[in-house]
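J.: First to last, the protein sequences are chains H and Y.
Using UniProt numbering, read the first sequence as starting at 1 and increasing by one per residue.
Using UniProt numbering, read the second sequence as starting at 1 and increasing by one per residue.
Do not take every clue at face value.
One copy or two, either will do: identical chains are not told apart, so a pair holds if it fits within one copy or between any two.
[Stated by the list, open to error] Calculated lysine-lysine pairs in the DSSO-like style (CA-CA distance at most 27 Å, straight line):
#1 Lys-54 <-> Lys-161
#2 Lys-72 <-> Lys-51
#3 Lys-4 <-> Lys-156
#4 Lys-52 <-> Lys-161
#5 Lys-51 <-> Lys-161
#6 Lys-72 <-> Lys-4
#7 Lys-72 <-> Lys-54
#8 Lys-114 <-> Lys-52
#9 Lys-54 <-> Lys-4
#10 Lys-52 <-> Lys-72
#11 Lys-15 <-> Lys-156
#12 Lys-22 <-> Lys-161
#13 Lys-15 <-> Lys-50
#14 Lys-156 <-> Lys-52
#15 Lys-51 <-> Lys-156
Just so you know, the hints here were simulated from the structure itself, not pulled from any lab data.
Protein chains: 2
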Amino acid sequence: MYPKTFDDLIYEFQKLPGVGAKTAERYAFTVLGWSDEEISELAETLVNLKKKVKKCTRCGNLTEDELCEFCKNSNRNQNIICVVQNPKDISVIESMQQYNGVYHVLDGLINTQKGVLPDQLNIMTLLNRVNERTEEVILALDPTVEGETTALYISKLLEGKCRVSRLAHGIPVGSHLDYTDAMTLLKAFEGRKSS
Amino acid sequence: MYPKTFDDLIYEFQKLPGVGAKTAERYAFTVLGWSDEEISELAETLVNLKKKVKKCTRCGNLTEDELCEFCKNSNRNQNIICVVQNPKDISVIESMQQYNGVYHVLDGLINTQKGVLPDQLNIMTLLNRVNERTEEVILALDPTVEGETTALYISKLLEGKCRVSRLAHGIPVGSHLDYTDAMTLLKAFEGRKSS
Ligand SMILES: [Zn+2]
Ligand SMILES: [Zn+2]
């Protein structure tokens, strides 16, 4: 009933998580009200996204360069590695403003039911990074079955190679790291235990 | 903390209605997971939107042609004109599958407080459309202060020129037309009264 291009846009918006027909329609009408410049801006940003944003060759975090901002920052302790599920979790940890090490992004968690096996995750690169200078690997993974399984798997791999710790309980079991507030997370960091 | 292009995208998504930082971030991560083709598709649709989608020169509805699908459809009664606030309301009325006339899109309602005056709306074009063949003008406007003000204004303009009716009560007062279900709307159409 709407012109094709307008319907196309509604269809596109419905691909976003949690966006149904009504919301997609509302977004499309909003965008229709934008100036040519505003629309081009969004279109260009989308095109640039795939062109410019890639993974840090060392840690797997998002970056527009070879190395991400943490890996190339000499003020960060490059010998303490915090392992996270995805780049979003880094932004939660950074919001504590207390952690001064670097990161390693697994890009998921082991999930045998969904067929996510260790070799599909960024785990071998972690093993290769760890050396005699490595002081600690902190496993900051969700306190879920998948998170625990992954933590256990990595702990075993790193056994005898360096200190491995996990976040203390404090994060409610079954919840997600990126919904945790900075204070709770800070407590979990402070109370972390050897794995 | 994210790469610039990624932050840009989060910023862009926050311009959509009801989208906060967390939701925008979630959308950006979703889009990052799309294939190049999927991203180009959205970008192209956005660019096409302003290029292709324009207003019907007769009724103000959205179209990619000179006239919209209703104005150029000879199976619709071109002498019954349903006046609506915006193109979204047309889709609600069409969902009844009962109305066979055409439309006129005002592109807003008179709102003296917000400085929306009659001459900023698509009202003169309505007056120019109405002629001796016009059987009826149905004012399908929101049952709000602005809707009533606009309906009254148009009724006076068309006085003596043709039959003017308004939707019957049945639509809860203070609510919006595009949140009305098809059955309620059908009842309101059937019970419409002369204005
Ligand atoms: Zn890095
Ligand atoms: Zn039209």
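J.: Confirm or reject each hint.
T.: Status of the hints after comparison with the structure:
Neither within a single protomer nor between protomers do Lys-54 and Lys-161 lie at most 27 Å apart by alpha-carbon distance, with minima of 30 Å and 65 Å respectively. In this assembly of identical chains, Lys-72 and Lys-51 lie within 27 Å of each other by CA distance solely inside one copy; the values are 21 Å within and 43 Å between copies. For the identical chains of this complex, Lys-4 and Lys-156 are neighbours neither inside a copy (56 Å) nor across copies (37 Å), given an alpha-carbon limit of 27 Å. In the homo-oligomer, the alpha carbons of Lys-52 and Lys-161 never lie at most 27 Å apart, since the shortest distance is 35 Å inside one protomer and 62 Å across protomers.
In this assembly of identical chains, Lys-51 and Lys-161 lie within 27 Å of each other by CA distance neither inside one copy nor across copies; the values are 37 Å within and 60 Å between. Taking CA atoms no more than 27 Å apart as the test, Lys-72 paired with Lys-4 passes between copies only; the shortest distance there is 16 Å, against 47 Å inside one copy. Taking the shortest Cα distances, Lys-72 and Lys-54 sit within 27 Å of each other inside one copy (15 Å), while across copies they are farther apart (49 Å). Taking identical chains as interchangeable, the C-alpha atoms of Lys-114 and Lys-52 are never at most 27 Å apart, the minima being 30 Å within one chain and 43 Å between chains.
With identical chains, the CA atoms of Lys-54 and Lys-4 are at most 27 Å apart between copies only, with a shortest distance of 12 Å across copies and 33 Å within one. Within a single copy, Lys-52 and Lys-72 get their C-alpha atoms as close as 18 Å, which meets the 27 Å cut-off; across copies the closest is 46 Å, which misses it. Taking CA atoms no more than 27 Å apart as the test, Lys-15 paired with Lys-156 passes in neither setting, with 39 Å inside one copy and 46 Å between copies. In this assembly of identical chains, Lys-22 and Lys-161 lie within 27 Å of each other by CA distance neither inside one copy nor across copies; the values are 54 Å within and 38 Å between.
Taking the closest pair of Cα atoms, Lys-15 and Lys-50 come within 27 Å of each other both inside a single copy (17 Å) and across two copies (21 Å). In this homomeric assembly, Lys-156 and Lys-52 never come within 27 Å of each other (Cα to Cα): the closest approach is 36 Å inside a single copy and 59 Å across copies. In the homo-oligomer, the alpha carbons of Lys-51 and Lys-156 never lie at most 27 Å apart, since the shortest distance is 37 Å inside one protomer and 58 Å across protomers.
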